[in-house]
Every structure is written in C-alpha cells, then in structure tokens.
Amino acid sequence: MMDAKEDLVSIITPTYNASRFICETIQSVKFQTYTNWEMIIVDDCSTDQTKELVTKEMMLDARIKVIPSAANHGPAHARNTAIKASKGKYLAFLDSDDLWHPKKLSNQITFMRKNKIGFSYTDYRMMNEAGEKSDRVIRVPEKMEYKELLKNTIIGTLTVVLDKEVVGEVQMPLFRDCSEDYGLWMSILSKDIHAYGLNEELAYYRKCGHSLSSNKFNSAKKTWNTYRKVGKVNIPSALWYFVNYTYHAFYKHTKTS
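Under full-length UniProt numbering, think of the first position of the sequence shown as 1, with each following residue one higher.
Any given hint could be a false lead.
As the list claims (entries may be wrong) - Simulated DEER-style distance windows between Cβ atoms:
hint: 1; residue 1: Leu60; residue 2: Ile235; range: 51 to 61 Å
hint: 2; residue 1: Asn234; residue 2: Asp7; range: 37 to 47 Å
hint: 3; residue 1: Asp48; residue 2: Gln27; range: 10 to 20 Å
hint: 4; residue 1: Lys87; residue 2: Pro236; range: 42 to 52 Å
hint: 5; residue 1: Lys103; residue 2: Tyr247; range: 26 to 36 Å
hint: 6; residue 1: Arg139; residue 2: Trp240; range: 20 to 30 Å
hint: 7; residue 1: Lys207; residue 2: Gln27; range: 12 to 22 Å
hint: 8; residue 1: Glu142; residue 2: Lys103; range: 17 to 27 Å
hint: 9; residue 1: Asp192; residue 2: Arg20; range: 38 to 48 Å
hint: 10; residue 1: Thr110; residue 2: Thr55; range: 24 to 34 Å
To be verified - Straight-line alpha carbon distances no greater than 27 Å define the calculated DSSO-like cross-link-like pairs of lysine-lysine that follow:
hint: 11; residue 1: Lys151; residue 2: Lys207
hint: 12; residue 1: Lys114; residue 2: Lys87
hint: 13; residue 1: Lys84; residue 2: Lys51
hint: 14; residue 1: Lys89; residue 2: Lys30
hint: 15; residue 1: Lys191; residue 2: Lys151
hint: 16; residue 1: Lys143; residue 2: Lys216
hint: 17; residue 1: Lys147; residue 2: Lys191
hint: 18; residue 1: Lys89; residue 2: Lys103
hint: 19; residue 1: Lys221; residue 2: Lys151
hint: 20; residue 1: Lys89; residue 2: Lys143
hint: 21; residue 1: Lys151; residue 2: Lys216
hint: 22; residue 1: Lys221; residue 2: Lys207
hint: 23; residue 1: Lys164; residue 2: Lys103
hint: 24; residue 1: Lys229; residue 2: Lys191
hint: 25; residue 1: Lys65; residue 2: Lys87
hint: 26; residue 1: Lys143; residue 2: Lys191
hint: 27; residue 1: Lys87; residue 2: Lys116
hint: 28; residue 1: Lys151; residue 2: Lys164
hint: 29; residue 1: Lys114; residue 2: Lys103
hint: 30; residue 1: Lys87; residue 2: Lys30
hint: 31; residue 1: Lys147; residue 2: Lys114
hint: 32; residue 1: Lys116; residue 2: Lys143
hint: 33; residue 1: Lys164; residue 2: Lys143
hint: 34; residue 1: Lys116; residue 2: Lys89
hint: 35; residue 1: Lys103; residue 2: Lys65
Source of the hints: derived by calculation from the structure; they are not laboratory data. All residues carry an ideal CB built from backbone N, CA and C; glycine is no exception.
Go ahead and model the full structure; you've got the sequences and the hints to work with.
Structure below.
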C-alpha cells in the first residue's frame with residue numbers, strides 16, 4: 001500500500017529500439033518499494049517491437065504512460081517531452097536498458113527529505129550487455145558543486161533524482177554534439193545549487209558492446225562541446241577543466257570496488 005506521505009516521482013525514460021531490455025527495465029520500476037510513481041516512456045520512433053511492448057505494459061499498470069514521438073529526435077528531446085508531461089514533485093531518470101535496486105526510490109527520497117536536498121545521485125554498479133553484474137561499482141562523492149562538476153562527470157544519469165520545487169523547471173539542452181544530461185546538471189549547479197551523493201549501490205548501468213576506444217573519444221568530444229556550448233566556458237578554463245575530467249574519467253574506468 002502507498003504511504004499517504006509519499007510524493008509522486010516522475011520517472012523519465014526515452015526508448016529507441018529497446019525491445020531486448022525495456023521489459024526488464026520496467027520490471028525494476030514495478031518492483032520499487034516506493035509505489036507512488038509514474039513512468040513516462042517516450043518512444044523515439046522505434047522500428048522494432050519496443051512500442052508494442054511498452055504499450056502492453058501500460059495496459060497492465062496505469063502508472064506507466066507511453067508517448068510516441070512523431071519523428072526521431074534523439075534521447076534529449078524524448079526526455080524533455082517526458083519532463084513536460086510529468087506531474088511529480090520529483091524527477092528521476094532511467095534509460096531503457098538500465099535497472100534499479102528495489103529500494104532505489106525509497107532510500108533516495110528518504111535521504112533527500114531528511115537532508116532537505118534538491119539534487120541527489122547514488123553509487124551504481126556496471127553490468128554487461130547480458131545483464132551480468134560486474135565487480136565495478138562507481139563510488140560517488142558526497143557533494144558536487146558547479147566547479148567540481150566541470151572536472152568530473154561521475155554522476156550517473158540513472159541515479160539522479162531532482163526535486164522540482166528546489167531546482168525549478170528543467171529541460172535538457174538540445175545540442176546533439178553535447179552530453180545533454182551533463183549539460184542539464186551543469187545548468188542546475190550553475191545556479192548555486194549543490195548536488196549530494198548517497199553512497200548506496202542503488203542502480204545498475206548496462207554497458208553494451210560498442211567500441212570502447214570510440215566511446216571514450218566521443219565522450220571526451222561531447223564533454224568539451226558541453227563546456228563551450230552549454231556552460232559558455234572560455235577556452236583556457238575549459239582546457240583546465242578538461243584535464244581534470246580526463247584524469248577522473250580514467251580513474252572511473254579503471255578502478256574497481
């Protein structure tokens with residue numbers, strides 16, 4: 001039964017050709033001990049069975065809402081569509097191939113209420129494409145301010161919860177050559193809002209089989225573009241932050257816990 005004190009959490013999920021994973025992702029939401037949520041799935045013109053699968057899930061659970069996109073615009077546009085349709089006090093983000101621990105929302109919302117936090121994130125574990133959990137756990141810092149965020153992209157989107165009453169209305173930047181989620185975190189923290197980490201492993205990030213070297217190069221390029229286009233950071237400062245980003249990214253991808 002839902003606790004009468006539970007505020008609504010809007011879960012933002014973009015999908016595109018996610019038929020292999022989306023049902024498992026939805027199940028991890030349905031297994032949440034925190035029950036007052038809505039899951040807003042925006043399908044970005046999938047060409048597989050994704051739309052049919054999520055529509056079936058919507059018919060089985062009224063908390064699941066599906067919005068079909070009229071054209072393929074990319075994940076940032078899909079997330080923004082979901083954010084605009086959201087009704088919750090809280091926004092949480094979960095991509096169509098990632099998973100949550102059953103106590104993810106319960107523990108994180110309790111953490112935010114207790115400490116009067118508007119932006120939180122958690123530790124998360126890496127898993128492979130088959131869903132097998134690895135030994136790699138990304139341990140996050142207890143607090144992130146704007147300048148620290150520019151040095152470190154450690155915040156996992158699948159772990160973030162925002163209190164809209166604190167951070168205000170949000171939308172992800174629509175630069176395809178930028179990191180849209182990182183750009184949103186930058187925009188929020190640039191307003192002198194701080195983000196706080198909960199050191200509990202509450203989410204599972206699926207690493208799919210793409211070229212690791214290509215991913216690293218594209219990630220670095222997007223980070224640089226996000227500095228310049230979203231943060232409007234001048235070139236000398238961007239270079240300084242980029243050096244720090246490179247160090248932290250190497251540490252994150254090589255350290256196991």
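Report task. Find the hints from earlier in the document that the structure breaks and name them by number, from lowest to highest. Result -> No numbers; nothing is violated.
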